[in-house]
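Novice: Take a look at the letters that make up each chain.
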Amino acid sequence: MIDMDYISTFSMFALLLIPIGIFRWLGLGLARDTLIAAARMTVQLLLVGVYLKYIFRLNNGFVNLAWVLVMMAAANASILGKSGLKQKIFYWRTLIGIALSTLLVSSWFILAAIRPDPFYDARYMVPLIGMILGNCQRSNVMSLERFYSGIRRNEQEFMTYLMLGATLNEAVRPYLRTSLKATVNPAISTMATMGIVSLPGMMTGQILGGAMPMPAIKYQIGIMICIFTAMVIAAVANILLSLPAAFDGFQRLRPDIFND
Amino acid sequence: MIRFTDISLSIQGQNLLEQTGLLVSPGDKVVIRGPSGCGKSSLLKTVIGALPFSGRLSVNGVELQAKTAAEIRSRIAFIDQEPALGAERVREALFLPFTYKAHQHRRPNEELVHQTLKQLRLDPRILSSESKRISGGEKQRIAIARALLLGKTIFIADEITSALDPESKQAVMDELFRPEVTILSVSHDPDWILACSRTVEFQNRKLTEVPHDD
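Protein chains in written order, with this note's numbering: chain A, 873 to 1132; chain P, 467 to 680.
Worth flagging that the hints you see were computed from the coordinates, not collected in a lab. Please note: incorrect hints may appear among the correct ones.
If you anchor each label on the Cβ, the simulated ranges turn out as follows [unchecked claim]: (1) A:ASP1120 - P:ASN670: 28 to 36 Å; (2) A:LYS1053 - P:GLN581: 35 to 43 Å; (3) P:PRO492 - A:THR1050: 38 to 46 Å; (4) A:THR1050 - P:THR534: 43 to 51 Å; (5) P:ARG573 - A:PRO1087: 51 to 59 Å.
In this text the structure is predicted, and so the values were computed from the model without any measurement. By construction, the Cβ of each residue, glycine as well, lies at the ideal position given by its N, Cα and C atoms.
One chain only, chain P, in its complex shape (with noise of 0.2 Å):
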C-alpha cells in the first residue's frame, strides 16, 4: 500500500502538486496520466526517497523518512524506461543485490534465474553478454528478473513497456499483473493502460482519480 498525504512537489522551483493525496491500496494497478513534464516521473521518484517533497508518503504503514528509506527501497521495485543495471556484464548485474549484506543470504539459484528469464522472453544466454550491448527492452526485462528474484511486490514503472516487442510485453505483463504486486506507474501504452485497475490524472497540481476506460 503506498499513500501520499497533502503531498506538494517542486523541481527547480516549479510547483508540480500542490497539497495532494492518493491511496494505492495492495494489488491496485495504477496508471498515472498527464500532459508531458507536468511532474509524472518526479512523483514516482519521490516514493524512492530520491526527490524531496514536502506532507506524507507511506509505504505499507511506514512513513517515508530519513531513517526508513533504506527499508522502503527494500520493498519497492524501480524500473525506468533505461534501467541502469549497474555492472559490466548481464550476470554479475543480476546477481548484484545478492552480494548486499541484505540479500546475501538469498542468492537464487541458476535454476530460478532461467526460470525467470524465460518467463520474460529472455534467453538465460544473455547472462554472458555485456550490458551495454543489450537493447533496452532486454534492459528492462533483466530489471524486472532482478526485481522478481528479490521477491518484490510493489512496482513503480515509467514507462517499462516502451521498449519492448508485443510478445515480451505480454510476457512482462503476465508477470506483474498478478493479484499481489502492487503497481504504481506512468505509461503511454494503449495495453499497459488497458490492463490497469485505475487512472488519476494531473490536473491543476492535483492527483485525480478519473474513469478508468476498460
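With the rest of the complex left out, here is chain A (with noise of 0.2 Å):
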C-alpha cells in the first residue's frame, strides 16, 4: 500500500473547504461543529493509531480484552446520550446488551471462521469487534430513542394495552416491532445493495492493503452478517433490560428516564 506522508493526510482537509462553503452560505451554521468533528476524528484516529501499534506488538489477551471493553462502555455511553437516555439509570442494563450481542457475534466470527493462533490475536480481535460495535452504536441510538418516545407520544395507546389486559411486554411489543423494523430496514437494504451500489470499506481497505479480492470479500461476508446480528440482539437485548428501569411498579414509563 503506497503510504501517504502527514503532508498529503492533511492537505485532504482542504476538501473541507466545500462543504463549510455550502454551510455558510445556506446560513446553517454548521461550519463550526464540521470543523470540531473533523479535528476530534483526526487527533482520535491518531491516537487510536499509536495505541493499536502498542496493542498490537503486546498482543496479549489481557490488554486486547481490557480495550474491547473500553470500546464497549465508551460506545454504550455514547448509545445513551443520543437516544436522550439518562446514564445514571440504564448504563450497566444497556452495557449488558451491547456486550452480550458484540461478543456472541465477533466469537464465532473470530474463533469459528477465521480461527487465527492465538485466538485473541489483536490484529483480528480488535478492528472486527471495533466495527461491530461502530455499527450497533449506531443502530441502538436509533432503537432505543424509537422505543421510548413512541410510547412517551402514546402514553394513552399504552394505558389502553394495560387496561385490555395486556402484560408489560405485551403491552411494548408494538413499541418495540416499530423501532426494530426502523433500526433494521436501512441495515437490510444496504446488505441488499453491497457490492452494487456501495463496495464496504473493511474490504475496500483490504485490497488497498494488498489483499486479493476473494479473501477480502470473505470477510466482508462474515463481517456484514455479524453486524446484522450483533444489531438486531443489542436492539432487542437493550429494550428488554431497560425495561424494568423504565417503568414504575404501576406499569407507567418514568417521566425521569429521560435526558430533556
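With the hints as a guide, dock the two chains, each given alone in a separate frame, to form the complex.
Specialist: What follows is the structure, given as C-alpha cells:
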C-alpha cells in the first residue's frame, strides 16, 4: 500500500472547504461543528493509531480484552447520550446488552470462522469487534430512541393496552416492533445493495492493503452478517433489559428516564 | 365498588384534590362535575393507576397498589373522548385483548361480535375499516364494544357521548345503564347527567355529593 506522508494526509482537509462554503452560503451554522468533528476525528484516530501499534506489538489476551471493554463502555455511553436517556438509570443494563451481542457474534466469527493463532490476536479481535460495535452503536441509538419516545408520545394508547389485559411485555411489543423495523430496514437495504451501490470499507481497506479481492470479500460477507446479527440482538436486548428500570411498579413510563 | 379514601391529587405542582373521599357502590351511576381544568379527568385516571396520588383507592375491595394494578385494570373499562384503538384495523382492535394471555381463552365468536356491534348501532362491516378512518363516535363505540365483549361491568367514562348522534347515544346508554354496571363518569351532556343516579362536584379541592337533578 502506498503510505501517505503527513503533509498529504492533512492536505485532505482542503476538501472540507467545499462543504463549509456550502453551509455558510445556506446559513446552516454547521461550519463550526464540522471543524470540531473533523479535528476530534483526526486526534482520536491518531491516538488510536498509537494505541493499536502498542496493542498489536504486545498482543496480550488480557490487554486486548481490556481494550475491547473500553470500546464497549464508550459506545454504551454514546448510545445513551444520543438517545436522550439517562446514563445513571440505564448504563449497566445497556452495557450488558451491547457486550452480550458483540461478544457472541464476534466470538463466532473469530473463533469458529477465522481461527487465528493465538485466538485473541489483536489484529483480528480489535478491528473486527470495533466494526461490529460501531454499527451497533448507530443502530441502538435509533432503536432505544424510537422505542421510548414512541411510548411517551402514545401514552394513552399504551395505557389502553394495559387496560385490555396486556402484561408489560405485551403492551410494549408494538413499540418494540416499530423501533426494530426502523433500525433494521436500512441495514437490510445496505446488505441488499452491497457490491452494486457500495463497496464496503473493510473490503476496500484490505484490497488497498494488498489483499486479493476474494479473501477480502469473504471477510466482508462474514462481517456484514455479524453486524446485522449483533445489531438485532443488541437492539432487542437493550430494550428488554432496560424495561424494569424504565417503568414504575404501576407499569407507567418513568418521566425521569429522559435527559430533557 | 370504587372507594376513594383521603385522596390527594396534584398535577404539575397544582393541588387538585386534598384529603377527600368518595364511595361508588355497585350499580351506582356517578357523574362528576366541576369547572374546566379542576381535575375531573385526572381523578378518573387515578382509578386505573395512570396517575400518581396519595391516599387509598380500592376497587371491589382490592386496594390499588403496584402489585394489584393489573388486576384492577382487568376489572375496569376506561373510555374517553377519543379512545386509542391500538391497532391499524378495527377488527384487529376489537380482537386485540383476546390476543393477550389474560383473555386468550375467551375469544368471542363472530356472531357475538356482530350482535354487540349492532346493539351499539354499528354496522359489522366497520370491522374491515382502518381505525384511523372511522369517526370519533365510532371509535368510542368500538371501545365500548370491546369492553362489553370482555365482560367488564365497571366503566370509567370521560365524555363518552360527546361525539355521538342522539340515536347512537341512546344505544350506548341502553347498554351501559344496566343495573349491574357501575359507572364513574365525567360529562357535560344533559341526557347523560340526567340518566346518572348521583352527582359529585369538585368544590374547594374536595369531592362533594350534590343533589341530583332528576
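Novice: Would you say the C-beta atoms of LYS1053 of chain A and GLN581 of chain P sit inside 35 to 43 Å of each other?
Specialist: holds (37 Å)
Novice: Within 51 to 59 Å or not, the Cβ separation of ARG573 of chain P and PRO1087 of chain A?
Specialist: holds (56 Å)
Novice: Would you say the C-beta atoms of THR1050 of chain A and THR534 of chain P sit inside 43 to 51 Å of each other?
Specialist: The hinted range 43 to 51 Å is violated for THR1050 of chain A and THR534 of chain P, with Cβ atoms some 30 Å apart.
Novice: Is the gap between the beta carbons of ASP1120 of chain A and ASN670 of chain P within 28 to 36 Å?
Specialist: This hint holds: roughly 31 Å between Cβ atoms.
Novice: For the hint 38 to 46 Å, verify it against the beta carbon of PRO492 of chain P and that of THR1050 of chain A.
Specialist: Since PRO492 of chain P and THR1050 of chain A have Cβ atoms about 40 Å apart, the given range 38 to 46 Å holds.
Violated hints amount to a single one, hint 4; each of the other numbered hints is respected by the structure.
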